[in-house]
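Number of protein chains: 6
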Amino acid sequence: MPYVNIKITREGATAEQKAKLIEGATQLLVDVLGKNPKTTVVVIDEVETDNWGVGGESITVRRKKGM
Amino acid sequence: MPYVNIKITREGATAEQKAKLIEGATQLLVDVLGKNPKTTVVVIDEVETDNWGVGGESITVRRKKGM
Amino acid sequence: MPYVNIKITREGATAEQKAKLIEGATQLLVDVLGKNPKTTVVVIDEVETDNWGVGGESITVRRKKGM
Amino acid sequence: MPYVNIKITREGATAEQKAKLIEGATQLLVDVLGKNPKTTVVVIDEVETDNWGVGGESITVRRKKGM
Amino acid sequence: MPYVNIKITREGATAEQKAKLIEGATQLLVDVLGKNPKTTVVVIDEVETDNWGVGGESITVRRKKGM
Amino acid sequence: MPYVNIKITREGATAEQKAKLIEGATQLLVDVLGKNPKTTVVVIDEVETDNWGVGGESITVRRKKGM
Chain A
4 MPYVNIKITR
14 EGATAEQKAK
24 LIEGATQLLV
34 DVLGKNPKTT
44 VVVIDEVETD
54 NWGVGGESIT
64 VRRKKGM
Chain B
4 MPYVNIKITR
14 EGATAEQKAK
24 LIEGATQLLV
34 DVLGKNPKTT
44 VVVIDEVETD
54 NWGVGGESIT
64 VRRKKGM
Chain C
4 MPYVNIKITR
14 EGATAEQKAK
24 LIEGATQLLV
34 DVLGKNPKTT
44 VVVIDEVETD
54 NWGVGGESIT
64 VRRKKGM
Chain D
4 MPYVNIKITR
14 EGATAEQKAK
24 LIEGATQLLV
34 DVLGKNPKTT
44 VVVIDEVETD
54 NWGVGGESIT
64 VRRKKGM
Chain E
4 MPYVNIKITR
14 EGATAEQKAK
24 LIEGATQLLV
34 DVLGKNPKTT
44 VVVIDEVETD
54 NWGVGGESIT
64 VRRKKGM
Chain F
4 MPYVNIKITR
14 EGATAEQKAK
24 LIEGATQLLV
34 DVLGKNPKTT
44 VVVIDEVETD
54 NWGVGGESIT
64 VRRKKGM
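Chains as they are written, first to last, in our numbering: chain A, 4 to 70; chain B, 4 to 70; chain C, 4 to 70; chain D, 4 to 70; chain E, 4 to 70; chain F, 4 to 70.
Extracted from the complex, chain A is given alone in its bound form (with noise of 0.2 Å):
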């Protein structure tokens, strides 16, 4: 039943990396806690990079900064 939610900047993940979050997550949960992989759920959410920040100034700025 566990729940996780993954929240990335929106920088090109790819179907096949967002699968290989959802499996690693999972199997995570299996291996730590004995959780049920079947009722394990994962959300991935993938942010704009003017919606993130980080030290109070935008992904989109730091980026820029070659950060």
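Errors might be hidden in some of the hints.
Note: identical chains are not told apart, hence a pair may lie in one copy or across any two.
[What the hints assert, rightly or not] DSS-like cross-link-like pairs, simulated, lysine-lysine; straight-line CA separation at most 27 Å: (1) Lys38 - Lys68; (2) Lys38 - Lys23; (3) Lys41 - Lys68; (4) Lys41 - Lys23; (5) Lys41 - Lys67; (6) Lys38 - Lys67; (7) Lys23 - Lys68.
Note that these hints are calculated values from the structure, not bench results.
With chain A's structure known, arrange chains B, C, D, E and F on it following the hints.
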């Protein structure tokens, strides 16, 4: 003051259906806990089928398998 | 597969009331969108009144004012 | 290390306004709790007006009523 | 109608400090986007240091290392 | 910069198990998307079994039925 977040896959829910979710969730909080509907907030997130996983695989893959 | 998160203030909701929220939210997704109840997840968060604000002040303060 | 999530309706917030939300929320955590701004994360979600409800009806409907 | 969720580690924030977070976050939405403070909701989650990780390790471990 | 939120029922996960969830989720983002572990945040929410529902009933009830 309750806050309800409903996450569903993005598979064609209409504005009318979403209006019913908002109305129904608000009424549920009124009926069960006597909350004030005027300050009850409902937010619906529609998530791409590539970004939602259950059983370790994406909904996109599951739909192809007829699940 | 829907996921519903209900946030309310921690002010004495009983196990029976929370069971009704779970049942009602699950049924709502069945009725409106034809979702499978078996894989519908509902999570209720109860939040201390000091930690919930509306109108710029905490619910603790509002309760003292009779709001 | 704080994490701040701001949800607003998608009604034309500009990149500049979102940058001010990121900057302001980060500074708030510095000022009130002495948190390190470098590891403070802010994520802004913009939600369609059909998908946000208050008072049991969507913002789309409320906007039409002039609310 | 904005909704703001602030997550911090549970390390002794006082009711007064939390009141300042509620007030400050609400004012930020008024100042930047002209939102109505009366319907702006702020929810603060305080998370145990065992349950918060950054850099692959928990805050409990990082605090012991003086980080 | 990714942010991962893991929600599980509160049924005795140890600090060691939670440390493994933090480490594993962080490593997953490194392996799949090349994200920087130093700024990857993981937050674990442990939810009372009365407050988590699946199939329209609470985990408390399901545990009593041996599910």
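Identical-chain pair category, Lys41 with Lys68, by Cα at 27 Å: between (43 Å within a copy, 15 Å between copies)
Lys41 and Lys67: within-copy, between-copy, both or neither at 27 Å Cα: Intra 42 Å, inter 17 Å, cutoff 27 Å: inter-copy only.
Identical-chain pair category, Lys38 with Lys67, by Cα at 27 Å: Close across copies (18 Å), not inside one copy (42 Å); limit 27 Å.
Within, between, both or neither, where Lys38 and Lys68 count as close if Cα-Cα is 27 Å or less: Close across copies (18 Å), not inside one copy (42 Å); limit 27 Å.
Homomeric proximity label, Lys38 with Lys23: Cα distance no greater than 27 Å: both (18 Å within a copy, 14 Å between copies)
Lys41 and Lys23: within-copy, between-copy, both or neither at 27 Å Cα: both (16 Å within a copy, 21 Å between copies)
Alpha-carbon proximity between Lys23 and Lys68, which holds within one copy, between copies, both or neither at 27 Å: between (30 Å within a copy, 18 Å between copies)
The structure agrees with every numbered hint stated previously.
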